[in-house]
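Visitor: Protein chains in written order, with my numbering: chain A, 125 to 411; chain B, 125 to 411.
Any given hint could be a false lead.
All copies of an identical chain are treated as equivalent in the list; a pair is satisfied when it fits inside any one copy or across any two copies.
Derived lysine to any residue pairs resembling SDA-like cross-links, with alpha carbons at most 20 Å apart [as the list claims (entries may be wrong)]:
no.	residue 1	residue 2
1	Lys187	Val365
2	Lys284	Asn341
3	Lys187	Ala225
4	Lys406	Ser384
These aren't lab readings, by the way, just hints derived from the structure by calculation.
Number of protein chains: 2
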Amino acid sequence: MKTVAERLGYPADSKLLIVHADDLAVAHSVDAASFDALDKNAVTSASIMVPCPWLAEVAAYAKAHPEADLGLHLTLTSEWNTYRWGPVASSDKVSSLLNPAGMFWSDTGPVAAKAKPEEAEREIRAQVEHAIAMGIHPTHLDSHMGSAFATPELFAAYIKVAHEYHLPFLAVRVTDERSKLLSLLSEKDIVLDSLVIAGPGVPAEHWKDFYLNAIRNLKPGLTEIIVHLGHDDAELQAVTVDHPDYGSAWRQRDYDFVTSPEFKKAIEENHIILVRWKDLGKLVNQP
Amino acid sequence: MKTVAERLGYPADSKLLIVHADDLAVAHSVDAASFDALDKNAVTSASIMVPCPWLAEVAAYAKAHPEADLGLHLTLTSEWNTYRWGPVASSDKVSSLLNPAGMFWSDTGPVAAKAKPEEAEREIRAQVEHAIAMGIHPTHLDSHMGSAFATPELFAAYIKVAHEYHLPFLAVRVTDERSKLLSLLSEKDIVLDSLVIAGPGVPAEHWKDFYLNAIRNLKPGLTEIIVHLGHDDAELQAVTVDHPDYGSAWRQRDYDFVTSPEFKKAIEENHIILVRWKDLGKLVNQP
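Chain A extracted, bound-state conformation:
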């Protein structure tokens, strides 16, 4: 069977990389930093949180930039302390997704434990439909905080909707017990070979090194680097208050890295081919 690289017309052992900004629409600060990174080609792709307050700002950007590679960051959680959102679907139709205050659960755990799969599917479909109604043409689907990967039932709902809309979606080749989820995929689905994402274990002063090492050590195959962009400003400090992980300083560091000359140079020196979800979508939809 051909590798993704071959299917795209590259040598079989190419190193393909998607540089992906998550969480568009969550806050203006995140949108401003992400639009800037997209405009500079500092990231190849990004995905949008449809239930979030700034969706209309992203929809306006998408209309003005039809070439931008924008997918949907399907959202079933609302993780900040002082800034919350709820579902796109009518709340009485997705009540298993909601905390007692009517907002999404703060974390993936309660989603896995409490979400009825048919309600998760309803909400996921509502997010796709709402994005399309807002004039967005999504190029792919992925999952905020990985809640779509939390149970086989949620993963099945995610795949079902992705197939329905003929969209490629984030799935990663894993070898642990989660690998059984991959049996739900069809033959044509794209599976990423690896994912790079900064975690709380990376010290701030080693931020650049973390990413540069990842790029130097990239294996042949399809990799996605997931970054979380934002400006360390009053709005984002308030959004992420008491939550340094993925907080505003973190997002500023990610922005500073992806827009740095070192990042660009490392990609060139390591003969990395940047690809976009749009390119992968063409493969998925080939007859």
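Here the structure of chain A is known, so what remains is to put chain B in place on it, guided by the hints.
Guide: Frame of chain A, contents of chain B only:
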């Protein structure tokens, strides 16, 4: 019949003034400026937009400041271009309040034309219940963009809910055709004698003069000055983009005015008695 001043124990011809900040919870910038003005006693009172993204930030402030005079700014509109919100009630139960994208209408006109009164009442009640569930003890009700005053049916729903929760609410003595709305009030309800609010006709350079003149010309009776506080920062500039009226520079001017020594001095020199909705609530709930 006794005046409000007499009922509060002041001489009948006192000049009573509420200095009221609208729109809490709409944006962090608005919250930060409004909390600061409340903390400095630069405003006496404020009201909260329950459906808006930053409600949890205001609820945390309310819990930490139980003395603060915080009401609910009942919200049936979502007026900004790139930043939107929808209902607290389940959307399929209040569909007449929503535009095709599932958000509140942008302006009061469509609310007046399309909102079913029973759905408006349901949403208003849901906002009160949600605020209470979030730990807020509202001292009064008023209406964002005046949509509760747009038709007699909407006004009746507003009064009904206010009476149900024993809350005083904003209503102003008017002599034009809207005065018939006042016939819906009960004898115990408080009616303001006048309202002061800056409009688009006030040039930025005359901002202070507008308010200082209003204070100098205050008549005996109960007046409310409504201000819209915020910082002219990146977030609020994005919220209010292409909408200079009540925009971020406007809100910065209001913040600068209410926290100015001239405002404090004008209140003292004109023998104005500052009152709060809490004080009025005691009158409403007297046996």
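Visitor: Against this structure, judge whether each hint is valid.
Guide: The hints, checked one at a time:
1. Only between protomers do lysine 187 and valine 365 lie at most 20 Å apart by alpha-carbon distance; the minimum there is 17 Å, versus 32 Å within a single protomer.
2. Taking the closest pair of Cα atoms, lysine 284 and asparagine 341 never come within 20 Å of each other, the shortest separation being 34 Å inside a single copy and 67 Å across copies.
3. Taking identical chains as interchangeable, the C-alpha atoms of lysine 187 and alanine 225 lie at most 20 Å apart only when they sit on different chains, with a minimum of 16 Å there against 34 Å within one chain.
4. Neither within a single protomer nor between protomers do lysine 406 and serine 384 lie at most 20 Å apart by alpha-carbon distance, with minima of 30 Å and 61 Å respectively.
Violated hints, listed in ascending order, are 2, 4; each of the other numbered hints is respected by the structure.
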